[in-house]
Amino acid sequence: MRYLPKSPADRAQMLREIGCKSVDDLFAPIPAEYRLNRDLKVPRQMAESEIIDYFQERAGSNAAGFALFLGAGAYHHYRPVVIDAMVSRGEFLTSYTPYQAEIAQGTLQAIFEFQTMVCELTGMEVANASMYDGSTGAAEAMLMAVRVTGRKAAVVARSVHPEYREVMHTYTQHQGLPITEFAFLENGRVDMADLEKKITSDTACVLIQSPNFFGTIEDVAAVADLVHKKGALLVVSIAEALSLGIVKPPVEADIVSMETQSFGVPLGYGGPYAGVMATKEKFVRQMPGRLVGETRDKDGKRGFVLTLSTREQHIRREKATSNICTNQALIATMATIYMTIYGREGLKELAAQNLAKATYAANELAKKGKILFPGSPRFNEFVVQTKADPFEINRRLQAKKIIGGFPLKWQYPELGNAAVWCCTELNSKEQIDAAVQVVGQ
Amino acid sequence: MSDRDIRKAVRHVNQNEGLIFERSSPGKKGYRLPPLDVPEVDYKKALGTAARADLGSMPEVSEMEIIRHFTRLSTWNYAIDLGMYPLGSCTMKYNARVNEVVARFPGLANAHPFQSADVSQGAMRVMKTLSDCLLDITGMDAITLQPAAGAHGEMTGILLMHAYLQSKGNPRKKILIPDSAHGTNPATAAICGYAVENLKSNSRGMVDVSALAAQMNEDVAGLMLTNPNTLGIFEQEIHKIAEILHQKGGLLYMDGANMNALVGKTRPGDFGVDVMHLNLHKTFSTPHGGGGPGSGPVACKKILEPFLPKPVIVEKADGTLAFDYDRPKSVGRVRMFYGNFGMHVRALAYIMANGPDGLRQTTEDAVLNANYIRKKLEGDYDLPYQSPSMHEVVFSDHIQEQKGVKTGDVAKRLIDYGFHPYTVSFPLVVHGAIMIEPTESESLEELDLLVDAMKSIAREAEDDPEMVRNAPHTTRVKRLDETAAARKPILRWRPAATKTAAE
Amino acid sequence: MQRGPDSVLQTAKESISSLKIQLLHKRQDSKQMAYPKDYKYTKEHEWLQVKGNTGLVGITDHAQESLGDIVFVELPKVGSHMEVGKSFGTVESVKAVSELYAPASGKVIEINESLNQGPEAINKDAHGAWMVKLELSDPKQADALMPADDYEKYIAEEK
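Protein chains in written order, with the numbering used here: chain G, 1 to 441; chain H, 442 to 944; chain R, 945 to 1103.
Note that these hints are calculated values from the structure, not bench results.
Please note that the accuracy of each hint is not assured.
Stated by the list, open to error - Calculated lysine-lysine pairs in the DSS-like style (CA-CA distance at most 27 Å, straight line):
1. H:Lys757 x H:Lys770
2. H:Lys896 x G:Lys6
3. G:Lys21 x H:Lys816
4. G:Lys280 x H:Lys929
5. H:Lys485 x G:Lys348
6. G:Lys41 x H:Lys569
7. R:Lys1030 x G:Lys282
One chain only, chain G, in its complex shape (with noise of 0.2 Å):
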């Protein structure tokens, strides 16, 4: 087996310097009736090159090279080569977490610049290290919120992710956190009115999405007005991470649970993703997560140390703020790279690039169909509404190797034949004008 560096004398040897016979005697202590006596079914031994062409394989029975109008939680965007360079570094590749900060200081500095750069962009003073993806960072800044204000209740928007809503209730189920939905209005922003009405004087927060799950940006400062009149704290969730490059960010939230997939992590069929959880250096202490900080060696040079790390698991067990362990640090460092070759005015252009795609897009299919929720600010992501069935749209679209948007018929059957539809600046004119050529017809 090719990975495994040793001779069948190397291996004598040291069965002998050990004083066992044979390898069977070092297994001894598993019980004999459990030990397994066949082969393991699993494929054969294969050759490096067989590993490339079965992959090749598999690859090619996707969708490779179709032209691609999904976001809904995942984002197509361009990955600019230095990122995979860069974390091809068996340095950065095979670490292992930092707990070892004199031969970390790598990974460490990396996460701090990432947990710098994060704050700038959402407009929060803490950032952690990360967690597994938006999901779970959303479920997980709910439970954060309980800790901080002691109250036992959460309120979200039924326009949240609709797959981030059932884990927020998978995380919730056993912590007595019942979660309360609150709706959306025809200018696809929350509906104030309910909101007010669901919030009670257990509601220990708030969650929104913003842009949410329909591509509408919400106004968070009116949010945020309500919710803390209420003594919540808002959570706002961000799934399009790009959309900060033109958008707001959501300083009057206490804590933003952002997806950092858009900033130069592979849609990868859904994973590995970033979570990044953020918030005021007042809440930190009840934040999960890993998280980097600044310090001194004794020579007086700067370095980087996990720290505050009673908050974790290893220390608290179970009192700990949270479970999670191995967290994505690839991945975010990952989004600290293109978040660099972007940096301040390349994020910027690159949104307003993505707003131009899709904002041409819904003027187009605007003529095939009606664009929902008109009159609030949209970001990469838009809502069309067709005669026909988007399933039936989409069957068409993917004949012609066009990958339409994402059916809301499941999840919200109110809208009827509705999609959401998203455009990047990987999208040309050339592929939206025949995607709308499709839909029209």
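Chain G is already provided as a structure; the job is to place chains H and R on it using the hints.
Below, chains H and R alone, put in the same frame as chain G:
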């Protein structure tokens, strides 16, 4: 300090790469966008009050600087690619490069999770094949690949137990956890709404079966057990343990963190485990990446299958694959989409590179390596438990402590010898634990280097304890002031002239 | 103050033990910290100083010494009630968390705000760095606690 200069990794003591923000200046660019082929939109006008003013201190740097910056940072990291990483319980094994290549094939890397099943068969087939492999490896009946990491898998597994017991009428109140367990176990039990009850180990470092029998009752949902446990010892009475739990209607959860000691040799499903998670980033070699991503599939027995997170992948009569969302008893989703798919690809590539013979040999080599180190270091370091070791061995600093040298000091000194430290002070049941897991990826030469280094440090602890206590001596930064970091946390960079008004 | 196996990571224990060793070395040169005679002490290593109906609460020098560099103290809100024997807050070092247990019942009338910014004061002068001022429900509860001599014997045995 004769060995002060021993080092393998190249150091960059003269490099003082600052933070990327300190390289930034207005007008520098690391990108160029193509020209816009649709009408431009004035975002300030389109977004109105929702428009952003500016992006504050986000960096502005050129591509060359970005490459240098991150390359330099990378050189400050230790990595498996540089040398042995004997972190007990973490399984730092070789991460094959072909895995990285195949995971980046456009058809897999660019697949959108919501693209329809008929144009996702390749991705789904990868998940299905991996699932089938893991089921045979574990001896279980059903599996989900959705959990993103080990702790996330633990949560999923305990939720399955909860849902199952609930369906029997009573979810129960407590989870038993041995004193040697990972911190994630009690934290997980708490998240799932269970109280945690500690289970003591016996003098052989195994679960005290009579204590278990005494503590087991109708209030206990089950036991979370790591096997081999965190002492690297196989729980020889595992079948009795399972029996005690099952007799009182409880379930046995196995933390699969140490599954690399068992693959191809024995199967948890055969020795009574009801539900377990696997760490693809440990046993199946997906890279740790400085702390993640991981992947924590959960495998279970038939009785727990109805409760698996949705969707579940199913094979239809015509041989095509589909996601089944119609799972009324499901515990729900634990993550959006289908899990860390990129890790599924890598794990399957690893299994294929090994085959049944390679996987077995891998397990044997891992156990052989640990026992070799045990044999060589016994005497120089105290071995608190005499029970046979599987894939890792736990010593203690008992001998060195006489001179005031603690496990943490020996660990830091190991850095000067070009190694990453072993796991320090875990498991909790060993005072001053030195937990070494070499994995199968180390050659005899590399093992001997580690043994020599450890023996040398044992001598140094006798002759010059002060020097060991101040290690490392060869790193870019010395021991860092963690107290100052925690007392006055600095968690982000700020520009020198703080622009408080603007913020 | 009590360090249960649940709340303490072994690495923390290590740093605590190594600190102990350093302190033991120091002790040979410097005099051991005196335990004030007018304080009363708990088995969990808190002290209580009673003045009429009010009481000051802190942790002992022994406690700070075994905990190591203290980085954070979480104290109850002014106006809240503390129940004898129950946890009223936590004290943290870099890698350990310990619960604080009330030596007596009462209403919190003041907390030592300066500990928020400078928790190291506890390391420097544990018997001066009080944490909370209580309006005691029953000053007689102090009678159940150990006087200084007994406490010193108690910690000598604990070692």
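Checklist entry - Which of the numbered hints are not met once you compare them with the structure shown? => result Checked against the structure, no hint fails, so every one of them is satisfied.
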